[in-house]
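Novice: Residue numbers (this note's numbering), protein chains in the order written: chain V, 1 to 139; chain S, 1 to 139; chain G, 1 to 139; chain H, 1 to 139.
Keep in mind the hints are simulated off the structure, nothing from the lab.
Any given hint might turn out to be false.
Here are a few chain S residues that face chain G, going by a calculated C-beta distance under 7 Å [what the hints assert, rightly or not]:
| no. | residue |
| --- | --- |
| 1 | Met16 |
| 2 | Ser22 |
| 3 | Arg26 |
| 4 | Phe46 |
| 5 | Asn48 |
| 6 | Val49 |
| 7 | Val51 |
| 8 | Val55 |
| 9 | Val56 |
| 10 | Ile61 |
| 11 | Arg62 |
| 12 | Tyr63 |
Here are the computed lysine to any residue pairs in the SDA-like style, where the Cα-Cα straight-line distance is at most 25 Å [what the hints assert, rightly or not]:
| no. | chain 1 | residue 1 | chain 2 | residue 2 |
| --- | --- | --- | --- | --- |
| 13 | H | Lys115 | V | Asn97 |
| 14 | V | Lys115 | H | Lys95 |
| 15 | V | Lys94 | H | Lys80 |
| 16 | H | Lys38 | H | Asn123 |
| 17 | S | Lys65 | H | Gly40 |
| 18 | H | Lys130 | H | Gly40 |
| 19 | H | Lys80 | S | Gln9 |
| 20 | H | Lys130 | H | Gln9 |
| 21 | V | Lys95 | H | Gly57 |
| 22 | G | Lys37 | V | Gly17 |
| 23 | S | Lys95 | S | Gly70 |
Pairwise CB distance ranges, derived in the manner of DEER restraints [what the hints assert, rightly or not]:
| no. | chain 1 | residue 1 | chain 2 | residue 2 | range |
| --- | --- | --- | --- | --- | --- |
| 24 | S | Met1 | V | Lys118 | 47 to 55 Å |
| 25 | S | Asp71 | G | Gly40 | 47 to 55 Å |
| 26 | G | Asn83 | S | Lys64 | 16 to 24 Å |
| 27 | G | Leu132 | H | Ser126 | 42 to 50 Å |
| 28 | H | Met1 | V | Asp45 | 42 to 50 Å |
Being a predicted model, the structure only gives us computed values, none of them experimental.
Virtual Cβ for every residue (Gly too), placed ideally from N, Cα, C.
Number of protein chains: 4
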Amino acid sequence: MENYYHNVQYYETDKMGVTHHSNYIRWMEEARIDFFKKLGFDYLDFENVGVFSPVVGLNNIRYKKPSTVGDCIEIIVNVKSYNRLILEMHYIMKKENTIIFEGESSHCFIKENGKIIKLGDENFKSLHEKLLELTNKDE
Amino acid sequence: MENYYHNVQYYETDKMGVTHHSNYIRWMEEARIDFFKKLGFDYLDFENVGVFSPVVGLNNIRYKKPSTVGDCIEIIVNVKSYNRLILEMHYIMKKENTIIFEGESSHCFIKENGKIIKLGDENFKSLHEKLLELTNKDE
Amino acid sequence: MENYYHNVQYYETDKMGVTHHSNYIRWMEEARIDFFKKLGFDYLDFENVGVFSPVVGLNNIRYKKPSTVGDCIEIIVNVKSYNRLILEMHYIMKKENTIIFEGESSHCFIKENGKIIKLGDENFKSLHEKLLELTNKDE
Amino acid sequence: MENYYHNVQYYETDKMGVTHHSNYIRWMEEARIDFFKKLGFDYLDFENVGVFSPVVGLNNIRYKKPSTVGDCIEIIVNVKSYNRLILEMHYIMKKENTIIFEGESSHCFIKENGKIIKLGDENFKSLHEKLLELTNKDE
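Given the sequences, and given the hints that come with them, work out the whole structure.
Specialist: Right under this line is the structure:
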């Protein structure tokens with residue numbers, strides 16, 4: 001699958017002259033949405049039927065090298081783990097083939113009323129099977 | 001009525017070392033919501049009953065002096081005009097008593113379905129009367 | 001010249017479910033930088049030699065239709081006027097060929113110390129001549 | 001020491017109706033700068049003499065409960081560890097006395113040229129001693 005690319009914008013820099021660190025968290029999100037869209041799962045379709053997948057955690061976020069406006073960032077997204085309730089994603093960001101960022105996000109699945117959803121044969125079967133497949137592939 | 005104050009944050013600066021210009025548009029919003037709250041009209045109460053007041057225009061935005069992290073910005077909000085359909089607000093921002101920014105925003109009132117609402121005796125009477133009072137005061 | 005495209009991101013939406021209005025101001029900037037880059041003038045090259053072109057004003061900003069995450073926004077940039085001291089840019093944003101936004105930004109040229117620069121035969125001649133050419137074209 | 005408070009803004013929400021998760025990372029920064037300022041160390045004074053303390057990592061970020069516009073968030077900041085090269089900070093965020101967020105950030109100290117600084121008797125002695133004192137206090 002083709003990786004995602006983000007062009008760093010002027011408004012994403014701060015007075016240190018480099019990308020403000022909060023923006024990498026936003027790029028994780030845009031790359032994740034793109035990753036699932038390329039697999040055939042449009043996150044907005046899920047929200048339209050009242051299913052949300054909020055970020056419940058961020059782990060091992062490492063800012064290794066700075067970036068700035070004009071840089072094109074390649075973002076490599078992978079499923080790290082999945083157990084029907086919690087999905088963990090892993091991200092590597094590169095600038096000219098050098099890793100500048102690594103990190104992980106954790107997600108659950110909830111209904112509009114906040115009730116937790118367990119994916120499986122009854123609920124979102126095709127996404128469930130794809131996530132199982134993606135985690136097995138990594139083993 | 002007491003003016004609103006915003007403390008400029010590090011993440012609001014850009015690589016020029018000053019506040020990115022898009023943030024003043026955000027501060028207009030936070031000062032406007034505060035202005036109406038102090039008058040007894042909590043914007044969130046309106047949204048909770050399905051009434052929204054989106055920004056339809058920005059006019060005469062003037063960036064006169066820069067600001068940066070650590071600065072405390074005083075924001076003076078006024079109603080510029082109101083005609084039941086369109087509300088125009090005016091903003092002055094000061095840093096240590098010097099005007100650094102001036103601008104205006106225009107707003108309409110809509111229902112969740114996008115249908116335009118005309119304020120008046122039947123619709124949001126108390127807000128309608130307050131807005132009339134505030135525009136008369138300015139004459 | 002090819003227009004610029006921006007894909008609306010989830011983090012650009014607000015609780016109204018649509019793009020927060022401050023983001024269009026940011027997209028004006030990214031489309032403007034792209035516009036000059038395609039003409040051969042990389043804004044970052046100017047900043048690297050200590051020349052900045054801050055936004056001094058925004059005019060006639062009109063939010064005509066909402067957009068949201070997943071939308072692809074086409075941004076058409078033009079030079080509206082130029083007189084060696086002030087550059088005015090005009091922007092039209094379209095979603096599926098419908099105009100959703102229009103607006104203008106004004107810019108001056110300054111040195112790192114804040115001193116105003118007048119473009120011309122002595123200063124940034126090639127940019128000066130290109131800007132003259134672009135404003136004549138519009139007449 | 002008095003804790004820091006952040007009032008959630010409309011522009012910080014997303015289409016899920018709650019604060020976008022990237023903003024908590026920004027609030028960590030504003031609360032951290034406030035924490036050191038209250039201790040007598042203004043981060044901007046350090047930057048003015050060419051010393052920067054970038055975020056090199058984020059760990060154990062936990063989004064426990066959502067927040068939204070109108071909420072007032074109390075942010076409790078502590079020094080988690082310090083070894084002259086790396087400073088780790090810990091954050092708890094509360095809404096009406098309920099913990100809604102917890103997380104950690106790691107920082108190094110660098111000069112404008114990117115060279116790493118080791119704090120100590122020769123370099124920034126008073127900050128060094130304060131950080132030692134703060135980590136001992138936690139033991």
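Novice: Between the alpha carbons of Lys65 of chain S and Gly40 of chain H, is the straight-line distance 25 Å or under?
Specialist: violated (28 Å)
Novice: Just to be careful, I want the Cα atoms of Lys115 of chain H and Asn97 of chain V compared with a cutoff of 25 Å; is the pair within it?
Specialist: Measuring from Cα to Cα gives roughly 23 Å; hence the hint holds.
Novice: With chain G as the partner, please determine if Arg26 of chain S meets the hint condition of a C-beta pair closer than 7 Å.
Specialist: Since the shortest Cβ distance to chain G is 5 Å, the answer is holds.
Novice: Interface hint check: Tyr63 of chain S, Cβ to nearest Cβ on chain G, cutoff 7 Å. Holds or violated?
Specialist: Nearest chain G Cβ about 5 Å off; hint holds.
Novice: Range first: 47 to 55 Å. Now tell me if the beta carbons of Asp71 of chain S and Gly40 of chain G are that far apart.
Specialist: violated (37 Å)
Novice: Between the alpha carbons of Lys38 of chain H and Asn123 of chain H, is the straight-line distance 25 Å or under?
Specialist: holds (21 Å)
Novice: Any CB of chain G closer than 7 Å to the CB of Val55 of chain S?
Specialist: holds (5 Å)
Novice: Against chain G, is Met16 of chain S within 7 Å by beta-carbon distance?
Specialist: holds (6 Å)
Novice: Does Ser22 of chain S hold up as a contact with chain G if the rule is Cβ-Cβ below 7 Å?
Specialist: holds (4 Å)
Novice: With a cut-off of 7 Å on the beta carbons, see whether Asn48 of chain S makes it to chain G.
Specialist: At about 11 Å, which exceeds the 7 Å cut-off, the nearest Cβ of chain G leaves the hint on Asn48 of chain S violated.
Novice: Holds or violated: is there a CB of chain G closer than 7 Å to the CB of Val51 of chain S?
Specialist: Hint violated; Val51 of chain S Cβ to chain G Cβ min 11 Å, cut 7 Å.
Novice: Is it true that the CA of Lys115 of chain V sits at most 25 Å from the CA of Lys95 of chain H?
Specialist: Cα-Cα ~21 Å, so holds.
Comparing the model with each earlier hint shows violations of hints 4, 5, 6, 7, 15, 17, 20, 25 and 27; every other hint is respected.
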